[in-house]
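Could you put together the complete structure from these sequences and hints?
Protein chains in written order, with UniProt numbering: chain D, 1 to 109; chain E, 1 to 109; chain F, 1 to 109; chain G, 1 to 109.
Treat the hints with care, since some could be wrong.
Claimed, not checked - The calculated lysine-lysine pairs, modelled on DSBU-like cross-linking and capped at a C-alpha distance of 30 Å, are: (1) K56(E) to K86(G); (2) K47(E) to K47(G); (3) K56(F) to K74(G); (4) K47(D) to K5(D); (5) K56(G) to K56(E); (6) K86(G) to K56(F); (7) K86(F) to K104(G).
Honestly, the hints are just simulated from the structure, not real lab data.
These numbers come from a predicted model, not from an experiment.
What follows is the residue order along each chain.
4 protein chains.
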Amino acid sequence: MNDIKEIIQALIKFRDERDWAQFHTAKDLALALNIEAGELLEAFLWKSSEQADINKVKEELADVIAFALLLAEKYDLDVKQIVLEKIKQNAQKYPADKSRGSAKKYTEL
Amino acid sequence: MNDIKEIIQALIKFRDERDWAQFHTAKDLALALNIEAGELLEAFLWKSSEQADINKVKEELADVIAFALLLAEKYDLDVKQIVLEKIKQNAQKYPADKSRGSAKKYTEL
Amino acid sequence: MNDIKEIIQALIKFRDERDWAQFHTAKDLALALNIEAGELLEAFLWKSSEQADINKVKEELADVIAFALLLAEKYDLDVKQIVLEKIKQNAQKYPADKSRGSAKKYTEL
Amino acid sequence: MNDIKEIIQALIKFRDERDWAQFHTAKDLALALNIEAGELLEAFLWKSSEQADINKVKEELADVIAFALLLAEKYDLDVKQIVLEKIKQNAQKYPADKSRGSAKKYTEL
Numbered sequence: 001m002n003d004i005k006e007i008i009q010a011l012i013k014f015r016d017e018r019d020w021a022q023f024h025t026a027k028d029l030a031l032a033l034n035i036e037a038g039e040l041l042e043a044f045l046w047k048s049s050e051q052a053d054i055n056k057v058k059e060e061l062a063d064v065i066a067f068a069l070l071l072a073e074k075y076d077l078d079v080k081q082i083v084l085e086k087i088k089q090n091a092q093k094y095p096a097d098k099s100r101g102s103a104k105k106y107t108e109l
Numbered sequence: 001m002n003d004i005k006e007i008i009q010a011l012i013k014f015r016d017e018r019d020w021a022q023f024h025t026a027k028d029l030a031l032a033l034n035i036e037a038g039e040l041l042e043a044f045l046w047k048s049s050e051q052a053d054i055n056k057v058k059e060e061l062a063d064v065i066a067f068a069l070l071l072a073e074k075y076d077l078d079v080k081q082i083v084l085e086k087i088k089q090n091a092q093k094y095p096a097d098k099s100r101g102s103a104k105k106y107t108e109l
Numbered sequence: 001m002n003d004i005k006e007i008i009q010a011l012i013k014f015r016d017e018r019d020w021a022q023f024h025t026a027k028d029l030a031l032a033l034n035i036e037a038g039e040l041l042e043a044f045l046w047k048s049s050e051q052a053d054i055n056k057v058k059e060e061l062a063d064v065i066a067f068a069l070l071l072a073e074k075y076d077l078d079v080k081q082i083v084l085e086k087i088k089q090n091a092q093k094y095p096a097d098k099s100r101g102s103a104k105k106y107t108e109l
Numbered sequence: 001m002n003d004i005k006e007i008i009q010a011l012i013k014f015r016d017e018r019d020w021a022q023f024h025t026a027k028d029l030a031l032a033l034n035i036e037a038g039e040l041l042e043a044f045l046w047k048s049s050e051q052a053d054i055n056k057v058k059e060e061l062a063d064v065i066a067f068a069l070l071l072a073e074k075y076d077l078d079v080k081q082i083v084l085e086k087i088k089q090n091a092q093k094y095p096a097d098k099s100r101g102s103a104k105k106y107t108e109l
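This is the structure in structure tokens:
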């Protein structure tokens with residue numbers, strides 16, 4: 001079994017032991033993901049990247065990924081497939097020769 | 001090779017073909033993740049979960065996961081390990097018998 | 001003196017008594033605002049609007065507004081003017097007759 | 001009439017001309033605020049504060065403040081009062097002598 005499936009199964013087991021599927025609407029999972037993303041951001045507030053507390057980064061990133069995977073599972077999305085597809089789309093928006101070394105948004109290239 | 005490693009390699013390849021590593025500080029990756037999480041949330045704005053545009057969810061979720069994995073790679077974190085560890089921690093904060101069927105935060109249990 | 005100016009002066013006084021201006025770059029104020037917006041969102045997680053804790057809403061909304069005003073002050077922006085201008089812009093994106101009773105984004109009208 | 005009231009009245013007028021009150025639940029206003037906060041953050045992505053596009057900052061900050069005020073109005077909160085109260089609370093969490101020149105969170109002081 002691949003690792004993404006393995007993580008999702010562990011998340012589902014944790015959720016079902018608590019009978020929490022009833023709260024996990026897609027909309028609320030998206031809220032949860034945003035809340036955890038904000039907590040991750042807090043690890044960098046008033047700080048440079050180097051000053052961030054790695055343990056806090058690790059814990060909040062784990063929460064972000066957990067809710068992202070639960071949302072993917074909710075819609076029966078194949079995580080590898082959707083990310084590889086998005087990379088392909090982005091490759092068209094950001095052709096390597098035009099965007100090399102530039103932080104500009106594709107709308108400004 | 002497992003899925004997560006495969007996705008990360010594709011992301012790194014895309015990044016390096018554009019010479020973008022210079023912009024990808026940990027702090028800015030956390031910003032990017034938050035921005036994409038906000039775009040994901042937009043798929044649900046003024047709507048019920050059922051009314052959300054699945055294509056938008058798919059694309060924005062892919063972006064969220066991409067930045068989450070780039071951040072994990074930045075810190076050399078093993079994604080499966082950190083999520084499984086977090087589940088263990090959460091199991092202590094939320095004992096199944098106390099939290100079953102309840103949406104309360106652990107501080108209110 | 002109008003109320004927005006009065007609030008900003010109280011925020012500046014609090015900041016300067018702690019010598020915190022050094023941390024308040026525009027970028028970090030934008031991070032702080034996002035973090036507080038996430039905490040505000042938490043008041044609604046797994047809940048309907050009616051179930052939200054009003055005290056939490058009040059406190060987190062106060063934090064959001066505080067950082068928004070500090071950011072406006074940073075750029076010497078007149079809050080009333082920028083919001084009224086934005087309303088004018090939005091009136092063009094969302095003509096009343098086309099958007100009445102519709103939650104669609106202007107790009108879909 | 002004070003500034004905040006004047007802005008809120010303009011927002012309400014804009015909303016009611018489009019019959020949008022039906023979509024503006026407190027929860028969705030909190031979502032909208034988070035989405036706009038993310039767009040504000042985008043003005044600083046891959047950039048220093050000095051490199052941010054001031055026009056984008058101005059427009060997204062206007063959106064953030066608009067939704068914050070609509071949420072305050074929803075709960076009939078007095079914006080000046082809740083921010084001044086929060087400053088008082090924060091003064092207890094962050095005594096000037098302990099927190100001067102320090103970016104630490106109150107839990108670490």
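Hints versus structure:
no.	hint	verdict
1	K56(E) to K86(G)	violated (37 Å)
2	K47(E) to K47(G)	violated (33 Å)
3	K56(F) to K74(G)	holds (15 Å)
4	K47(D) to K5(D)	violated (35 Å)
5	K56(G) to K56(E)	holds (23 Å)
6	K86(G) to K56(F)	holds (11 Å)
7	K86(F) to K104(G)	violated (36 Å)
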